[in-house]
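From just these sequences and the hints, can you work out the full model?
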Amino acid sequence: MKYIKILILIVCIFNCHSNHELIRKDYSLDSNLNNQNYSISSFNESGQKVMILFTPTIWKTEILFDDDKSLIHFFTKKDYRVYFIQMNQSKNHLDQAQEALRNLLRHIKISEYNLGGISTGGWHISNIYRGWSSDLPKASKIFFLGTGFDYNYPHSFPKQYDSFLENTNLHPYPRFFLNPGLMKYWKGGEIEVILPEAELNIPSDIPIAFYWGKIDSISPSESIYPIYRKLKNPKLWMELSIANGMAKDYDQGSLLLGDETTEDVFSEIERWLED
Amino acid sequence: MRNIFPRILCITFCLQILISCSTPKIALQGKMFHPKTTDDWNLSLEYFPSSQKFTRKNPVILCHGLAANRNYFKINEDNSLVSILQKQGFDVYLLELRGRNAAGKPGIWFGEHTYDYNFDDYVKEDVNTAITEVLEKSKADKVNWIGHSMGGMVVYARLGTYKEDRISNLITFGSPFFFPEPNKTFRMLSHFSFLSYIIPVIPTESLAAARQRIPLLKYSEAGIGNMIYHEPNIEENVLESLRLQSVNNVSPTEIQQFADWSEDGVVESEDKKIVYSSNLNKIQIPTLVVWGTRDNLSPSHVTRRVYDEISSKDKSIHIVGRSQGHSQDYGHTDLLIGKKAAEEALLPAVNWLVDRNKELKLNQ
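If you're matching them up, the sequences are chains A and B in order.
For the first sequence, position 79 (counting from the first letter as 1) is numbered 79 according to the working numbering, and the numbering increases by one without interruption.
For the second sequence, position 255 (counting from the first letter as 1) is numbered 255 according to the working numbering, and the numbering increases by one without interruption.
Simulated from the structure, these hints should not be mistaken for lab results.
Treat the hints with care, since some could be wrong.
Which stretches of chain A does chain B cover? Using the computed rule of at least three CB atoms under 8 Å from a CB of chain B, they are [unchecked claim]:
1. 153-165
2. 222-235
No farther apart than 30 Å at their CA atoms in a straight line, the calculated lysine-lysine pairs in the DSS-like style are these [claimed, not checked]:
3. B/282 to A/232
4. A/159 to B/105
5. A/159 to B/36
6. A/91 to A/184
7. B/36 to B/105
8. B/36 to A/232
9. A/78 to B/184
10. B/87 to B/315
11. B/184 to B/272
12. B/272 to A/235
13. A/232 to B/273
14. A/159 to B/272
15. A/230 to B/184
16. A/235 to B/184
Remember, it's a predicted structure, so these values are computed and weren't measured experimentally.
Even glycine gets a Cβ: it sits at the ideal position worked out from N, Cα and C.
Now the structure itself:
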């Protein structure tokens with residue numbers, strides 16, 4: 001019996017060390033209380049470095065923090081305080097995204113932060129600093145993870161997605177992601193009102209990085225490169241693929257969560273942010 | 001140093017033995033012609049007539065890519081591009097550019113010809129000779145051109161830079177015409193281009209055969225296979241045939257030119273006086289651009305830029321990958337020889353060509 005107790009104690013100690021506990025805090029900063037346009041939450045408020053994320057619209061936000069291998073787990077372990085802004089579908093999403101970021105910055109009173117657009121969440125950032133108040137800081141760096149912008153070509157994702165929505169027999173797996181285990185995080189829903197304008201208006205002194213999956217069918221490289229090419233900012237183009245030394249060719253799902261994602265994707269982003 | 005040449009000879013001899021071991025046979029065989037270019041190189045054209053009671057007015061020329069010969073257009077037999085075109089009533093001419101074995105293997109050190117040609121020779125001489133020969137044989141006014149990889153690039157260059165008006169329609173499969181932001185493997189391969197100043201030929205034919213015959217060599221591949229195809233998307237026997245029968249040696253000057261392009265980001269002549277890429281907007285003939293979503297040599301953002309810059313009023317895209325409901329994300333060569341390439345990549349392209357070749361001649 002004594003040995004069993006010791007064994008249980010060892011297991012408990014081991015679990016304490018292996019589980020990184022995330023503490024989530026929700027904010028009520030939206031002035032429109034009846035019909036909320038966005039919601040904001042934070043993780044690891046004691047973190048020294050600040051990262052603000054715009055979360056995907058077609059994925060549930062849990063994909064970013066539910067699992068030990070998730071993006072928010074990774075960055076909070078690296079001493080990041082992570083805020084995420086979740087936008088609701090609205091024609092005015094660009095203005096509302098700006099309002100959300102403004103309200104958050106005024107509330108948390110920080111001078112330095114990095115901004116990230118995750119999947120379709122990146123669409124909200126495309127004009128985020130248009131008419132920006134001079135009393136508020138701009139991001140030190142911006143990264144996009146699996147965000148496409150220019151879909152003005154035949155058979156592009158929005159057209160495929162429309163036919164997917166119209167045909168109830170179609171399944172998002174394997175068309176949009178390859179790991180069926182991620183089905184529980186799939187949200188889907190309409191995207192038409194928030195589709196980007198194939199332009200990115202970010203002040204040219206902010207470095208921007210584009211991380212894209214080789215076989216991402218939602219944000220394929222052809223929907224990113226025209227934007228990347230035009231940018232005058234310091235910029236990084238990062239293909240996540242076997243040909244670039246990664247463990248696999250990344251699709252949209254595995255960009256967000258997967259066994260090798262921490263090393264191949266999140267570590268790459270962290271290295272660039274720290275550089 | 002003085003012992004290096006006997007060693008090279010010995011290795012070459014062993015590799016030749018490996019190549020000459022039994023190779024799978026391709027049943028699809030046509031009639032061979034060997035037109036001569038004005039600078040005295042023999043090319044090969046293999047002719048396959050329409051298998052219908054009619055023939056479409058303009059024949060089709062098929063052209064292979066870098067380090068390849070014509071055979072991979074036939075490996076899939078009934079499901080090959082040659083066969084599908086024949087069934088749709090096209091006369092098909094399968095082209096081999098200079099330096100390929102069917103028209104006489106160049107010498108390594110000596111001989112009438114050695115491996116000293118480049119991309120400019122293909123564009124200026126070989127494409128011209130092939131079109132002239134096919135028009136003469138078929139009595140047609142124009143040809144349709146289908147190129148895979150470099151087989152499409154040679155026509156982008158010719159249409160944009162020379163006043164070539166004998167091509168009615170163009171289909172390209174995985175043909176890049178810009179080289180921005182190359183990935184690690186591509187950069188690594190470019191770094192080896194210094195070898196082209198030292199050795200008289202890049203022995204890709206022997207290396208591919210060795211890779212097939214000695215399975216352990218897959219561990220020394222350094223990701224090259226992944227650049228060329230997505231292995232799970234190709235049947236084993238087809239892959240065997242690809243390695244043993246469809247790979248050709250590469251001229252060092254040709255490989256140096258590709259390395260320069262990956263440095264400069266654009267396709268240009270060897271002397272850099274012509275930037276072929278900047279003439280892409282002069283292309284005005286109907287064009288279909290086909291790309292695979294996993295292609296590492298012609299990534300989709302590069303191929304989309306090609307599509308955007310071509311100024312034809314009649315231009316189309318066919319994307320082959322899961323996003324379009326297909327079985328797989330296609331790699332560079334899968335587009336022609338993938339497990340379901342016939343239905344997912346080739347038939348849609350041939351249907352596009354059929355729509356632009358309605359005029360028929362009844363066969364006697």
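Proposed proximity, residue 232 of chain A with residue 36 of chain B (alpha carbon, max 30 Å): Answer violated: residue 36 of chain B to residue 232 of chain A is near 50 Å, above 30 Å.
Pair hint outcome, residue 91 of chain A versus residue 184 of chain A [Cα-Cα no greater than 30 Å]: holds, 27 Å
Given coverage of the region 222-235 of chain A by chain B, tested with a Cβ cutoff of 8 Å and a minimum of 3 residues: With 5 residues close enough to chain B, the hint holds.
Just to be careful, I want the Cα atoms of residue 235 of chain A and residue 184 of chain B compared with a cutoff of 30 Å; is the pair within it? Given pair residue 235 of chain A, residue 184 of chain B holds - Cα atoms ~18 Å apart, limit 30 Å.
Restraint check for residue 36 of chain B with residue 105 of chain B, where alpha carbons must lie at most 30 Å apart: holds, 15 Å
Hinted pair residue 184 of chain B and residue 272 of chain B, Cα distance within 30 Å: Given pair residue 184 of chain B, residue 272 of chain B holds - Cα atoms ~25 Å apart, limit 30 Å.
Quickly compare the C-alpha distance for residue 272 of chain B and residue 235 of chain A to 30 Å and report which way the hint goes. holds, 28 Å
Please verify whether residue 282 of chain B and residue 232 of chain A have alpha carbons no more than 30 Å apart. holds, 28 Å
Are the Cα positions of residue 78 of chain A and residue 184 of chain B separated by 30 Å at most? holds, 27 Å
Distance restraint between residue 230 of chain A and residue 184 of chain B, which requires alpha-carbon spacing of 30 Å or less: holds, 23 Å
Please work out if residue 232 of chain A and residue 273 of chain B have their alpha carbons no farther apart than 30 Å. Given pair residue 232 of chain A, residue 273 of chain B holds - Cα atoms ~28 Å apart, limit 30 Å.
Between residue 87 of chain B and residue 315 of chain B, does the CA-CA distance stay at or below 30 Å? The given pair, whose Cα atoms are some 24 Å apart, holds under the 30 Å limit.
Hint violations for this structure: numbers 4, 5, 8 and 14, all remaining hints satisfied.
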